[in-house]
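Q: Protein chains in written order, with my numbering: chain B, 38 to 150; chain W, 30 to 137.
Any given hint could be a false lead.
[To be verified] Computed from the model, here is a short list of chain B residues facing chain W with C-beta under 7 Å:
1. Q78
2. G79
3. L80
4. L82
5. Y85
6. E138
Simulated from the structure, these hints should not be mistaken for lab results.
Fair warning: this is a prediction, and the values are worked out from it, not measured in the lab.
Ideal Cβ placement from N, Cα and C applies to all residues, glycine included.
Each chain is listed here by its residues.
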Amino acid sequence: DGGITQSPKYLFRKEGQNVTLSCEQNLNHDAMYWYRQDPGQGLRLIYYSQIVNDFQKGDIAEGYSVSREKKESFPLTVTSAQKNPTAFYLCASSSVGVGNEQFFGPGTRLTVL
Amino acid sequence: AQRVTQPEKLLSVFKGAPVELKCNYSYSGSPELFWYVQYSRQRLQLLLRHISRESIKGFTADLNKGETSFHLKKPFAQEEDSAMYYCASSGSARQLTFGSGTQLTVLP
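Chain B extracted, bound-state conformation:
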């Protein structure tokens, strides 16, 4: 596996703290995505970006923020405003265009203590 990496693999946070999850890709993809995966709910889109310096909210953006300063990087910040942040977070990337395959990272499991 290569191409898209996420770090760290496991992350623990105290309530009230912001935390940033890293996502990097070397696939030269323009589009990047963040999903949250919860048992029994599948993947839900948090934010996505189709070009550098631009991003849009997904279905569950409240309590999250992102930036896209470089094509290769799309970090996700889970803020203290996110009411239920404990989850598995997946980053993905793809070429821009309808029907293009998304390539996924290995994920980060965030636990709020």
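With chain B's structure known, arrange chain W on it following the hints.
A: Chain W alone, transformed into the frame defined by chain B:
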């Protein structure tokens, strides 16, 4: 808003038996439909997409616009097919909407 429904959270079949994982979508236009798979300890990856009309690892999926379905089928299940399967659709906005997933277990 798009919705993708996978009615079965868990599905068990015996090796060699046919398997069908159900997927229904709601979208008024012409969506692109996909099946993604996550094997144990591996990343989520694309299995197949309807636009390619391909068969991957013996799996096929036919888009039925009348029933708004995109069920995944395999005539003879193998133990290595055990995994979590997600159906997904992509509409005009290009993002994927995923179903809740079906955990397939193929019993020996």
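Q: It remains to establish, for every hint, whether it holds in the given structure.
A: Going down the list of hints, with the structure as the test:
Of the supplied interface hints, the one on Q78/B holds, with its beta-carbon coming within about 6 Å of a beta-carbon of chain W, less than 7 Å. The restraint placing G79/B at the interface with chain W holds, with a minimum CB-CB distance near 4 Å, inside the 7 Å limit. The closest approach between the C-beta of L80/B and any C-beta of chain W is roughly 4 Å, which is under the 7 Å cut-off, so the hint is satisfied. The beta carbon of L82/B is positioned within 7 Å of a beta carbon in chain W (closest approach about 6 Å), and the interface hint is therefore held.
For Y85/B, the shortest C-beta to C-beta distance to chain W is roughly 6 Å, which falls under 7 Å, so the interface hint holds. Taking 7 Å as the C-beta contact cut-off toward chain W, the hint placing E138/B at the interface holds, the least distance being around 5 Å.
Taken one by one, the earlier hints all hold for this structure without exception.
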